[in-house]
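For the protein sequence lines, the chains are B and P, in the order given.
Take the first sequence: its letter number 244 is residue 244 in this note's numbering, and every next letter is one higher.
Take the second sequence: its letter number 15 is residue 15 in this note's numbering, and every next letter is one higher.
The hints are simulated quantities; they were obtained by calculation from the structure and are not laboratory data.
One thing to keep in mind: the hints can contain errors.
Said to hold, decoys possible - List of simulated lysine to any residue pairs, SDA-like, C-alpha gap at most 20 Å:
#1 K241/B - E196/B
#2 K201/P - A108/B
#3 K97/B - L283/P
#4 K197/P - R106/B
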Amino acid sequence: MSDLLVIDHLSKSFPKKKSDNLLVLDDINVHLAEGEFMALLGASGCGKSTLLRIVAGLEQPTSGGVWLDGHELVGPGRDRGMVFQAYTLYPWLSALKNVEFALSDRPARERTDTAREYLDVVGLAEFADHYPSQLSGGMQQRVAIARALALRPRILLMDEPFGALDAQTRGVMQELLLSIWERDRLSVLFVTHDVEESLILSDRVCVLASRPGRVKEIVEVTLPRPRMFGLQDTVEFRDLKHHVHSLIHDEAVRATGLEAVLARGKRP
Amino acid sequence: MTTGLDPTVTPDGSTSSGQGLRRKRRRPYALYESIPTKHYVSIALISFAALLALWSAASYGGWVQNLFLPTPTQVWQSAVTWASDGTMWDDVRISVTRILLGFVLSTVVAVPVGVLMGVNKRIEAAVEPPVDFIRYMPAVAFIPLTLIWFGTTETQKIVILFIGVFFQEVLLIMDNVKNVPRPFVDMAYTLGIGQVKTIMKVVVPSSLPGIVDTLRICMGWAWTYLVVVELVGANSGLGFRIQSAQRYLDTPQILIGIVVIGILGLGFDFAFKAIYRWSFPYLSPQGR
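Chain P on its own, in the form it takes in the complex (with noise of 0.2 Å):
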């Protein structure tokens, strides 16, 4: 339809007469803005190729030499070998055992204790102050006391992780169970439910979502604990493994180590979540 007397019409149907009465065109970015899943996955990819994009143009193109930043087919072929003759299992065996081993640990003395230090201010009043005291002791300090008391065993490594992570944990779960709105108590109260139920049954369902997402938080520090541990004083693992490539100038192997302890971390976050959504449907908007 065109008269030349008419006001514009838009696309829409709808008709502006460019006396602003125009429809403003909505800002592209609005700030807080959702966007459907799968344009963030994309957004995400594409981020990931450009990485590797500018990898690539830096090594295969020369920007920089070679034994600093293999390529991307020497990374892929190191990990193929590290892969084939078995070691690589070997290593993320030996690793993931260390490093289940320090984080369970931890968190069974933790969880408990942790609870506990939140209901009761005269267990935090006696545990707080020196866990806070230790807390700012970098665990890595420890390494060589810990290998003068016990060698480079599996202990020691136990022993560092749990110095690592439990002196945080612990913290961390109390201020979990402080969150517990008081209304929750007070009503099981009101129930005739006594303080040893009222902690099983309402305080620590309560602080659980908080709880587990403490641990995938403590997990992640285990991780960082574990490979330095592995660096310094170790004979096996993917951290002694990358130890050992540096003396060789075996670059491709370096970065591949790395990779696959971030993939190993990224495997167990996404594992904790994981938890969370099928342990917690009541959180979800639409439950079950």
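Chain B extracted, bound-state conformation (with noise of 0.2 Å):
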């Protein structure tokens, strides 16, 4: 199978003053195939929101790089639909006219028909002509997701896109995900710092290492598809959740700078 998007020998370091420059992401070696769902999981300050921002082309890599369909990509493109944790609808704008705002490259006529469709595809057609601070925040997300897929992207980018909603919701719309993507079958890349929410989701976890980040292991979720509310509470599921909860649990103890303040209480 052909690789869409490679992270080649990848690493990022930002420029601090009177020392050493801060080594952010060292040496990411990611591979992603056509129509696969990839997580990126990690504890806070790993770098995965940097890593993904750089697969958007709005950070530049210190060394490595990567390419999409065997192009190296310097910027940002049409050919990624980027959806933030942070609400980035214009709130000037009504939901149709913010999924119109990602086809201007298209004819007037086709850009309102387009904008409809994809709003259809979230379920808020009803909802075209409300502007974003009408909407719930699990609505403006949809609205989010609907400008992202109405772009045709050759891969999708979302950084913590649940990030900010409450469980429930997020629940539903890791559902709805998953529906679009069993239908389209998108290339998607999700950050998170959620292990169920990486493993719900995807095919293959990176799970990386905080300070600096890197690539601890890469984890195949080998649960069916399409996969089923109650998945959570299957043997299979635990095990997977285990097994990557123990390969972020010391991180996230890392990166809190918490070991000594929690070795205190296993003391006798």
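Using the hints, put the two standalone chains together into the complex.
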């Protein structure tokens, strides 16, 4: 199977005053196949969002690079659809106009039809004329997903898109994303810090270690598809969850700098 | 229903036994409590009426000499004379023309320059420090210099208005533009939109409510500078009218002049607020 996205020997460091550069990402190598759903999982500060921003072209790698369909990426482009965690709908545009905004290169007539079509995909056809401020957080993210899908991108990049939502809404949004994925077989790179979320959604979970961020292990998620409600209660799911949790737990402790504090409690 | 053994029954039907179960009365004036618009307006009217009453008491009652504080009747008569012989309209027209010219000129330059300063650090570095320096030179102090340069011409008045408004305005607009959430710009980039189009389609619309508010505040300053510039070296306009009334100790004319300036300023403020509500329906919770 040919690789759609190749992240090759990618490193990123930020310049720091008066000392060595801060290394954020260290020699990342990740391959993503066409139609694959991959989660980038890591504790806060592991550089997972920075990695996604580099793939999106919003930041430049210090060394190494990212290839999409065999072409090296040098900046942002319409071949990648991005969904951010923070609500990035433009508040002065209606839901429909926000989706149309992504289609500014198409003729006006086609723009409206396509935008309506994708609002329908996320179940918001009736809310086309609403401003973002009149929509709930979950609805706003659905419009953001419709906007990214309307681009017909080669790959969907999602940066903790459901991170700001309450648990119930998040669960429904995951189901929605899965149903869209099953239908269109999109390629997705999905950043999250939530172990369950990464397992529910993805084919493979790329677990990142912290400071500097590097690939700790890539876990194959062997759970059957389509993934149904109740998946979390299966033995397979719990085994995988335990495995990934143990990978990430040490990292979380290290990232928060609490090793010594937590060790105190374990002393006899 | 009155049986001596029952606990007290309050008018709203709730019972209280007088042993700490009684519902505490709500504090009458809770912090940040909102009130109906009707109440707001009545309180404001009472406040104006109180001012008028105080003025009447002081002037009719003879607490203050008539020369220093004329009666409402005298001021009203003065207003009627001023309005009926047509000079009031001339004064208003001249002053409003000046203020609009000065304000528009300053805004036409300040908006593009402020936007560019907000999005580009190099432009900011080139413009901000000198603007900051000039900003602290009082505009009023430029009056003698501008009188030497331009005489008592309209140009001189517009120049003072420009100096007074522009250097504040451009920095405020820069700040409005800097407040645009960065993800809005990132989003535009990921949609393959270029820099110029991002400024026009994202940065400007996003900062526009802030900019309109800035313009409203700057219009207030423009009024102050207009009056100052008309008090010194003008032979027409509202400021001039007040200035010449002082020569004849015509206090009623001075007072009505000040009131007219106040009303016009308030009118412009209202106009800006109306433009704001009308242009940005998405900012009010119920939308259009």
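Among all the numbered hints in the text so far, which are the ones the structure does not match?
-> none
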